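Asker: Residue numbers (the working numbering): 861 to 967.
What the hints contain is simulated information worked out from the structure, not anything from laboratory work.
Lysine-lysine pairs mimicking DSS-like chemistry, simulated, CA-CA at most 27 Å apart:
1) 944 <-> 884
2) 944 <-> 916
3) 944 <-> 883
4) 884 <-> 938
5) 916 <-> 938
6) 916 <-> 883
7) 883 <-> 938
8) 884 <-> 916
All values derive from a computational prediction rather than experimental measurement.
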Amino acid sequence: MGYAEFFDGGIYGAVGDVTKYSKKMVIDQIMIENDLSGPELTVVGDGPVEMRECRKRGGIAVGVASDEIRRHGLNPEKRTRLIKAGAQAIVPDFSGWHDLLNLLFGP
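Construct all of the structure, not just a fragment, from the sequences and the given hints.
Answerer: Structure (structure tokens):
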């Protein structure tokens with residue numbers, strides 16, 4: 861996607877066997893390996909599971925409510941699901957990455 865350079869701490873995901881790589885387990889691993897607590901963790905994702913798991917740990921949950929059919933813009937149904945799951949910020953995609961970084965880290 862071309863955004864890896866903005867994620868110095870790494871990009872993680874739950875893949876394959878969920879008994880070995882569930883989103884909960886991946887988030888726990890990130891927090892342990894990087895000695896993080898609460899708001900030091902930011903999770904960016906398009907699913908309610910990672911939003912809930914992030915918020916359980918006091919992290920900052922950023923929901924990506926992209927319209928996957930049109931390949932740009934906001935999907936209102938996904939937005940609603942992510943907000944209900946605890947997303948604290950919603951973006952339609954990463955086209956406004958500069959604004960997102962300012963929101964997370966200041967200008």
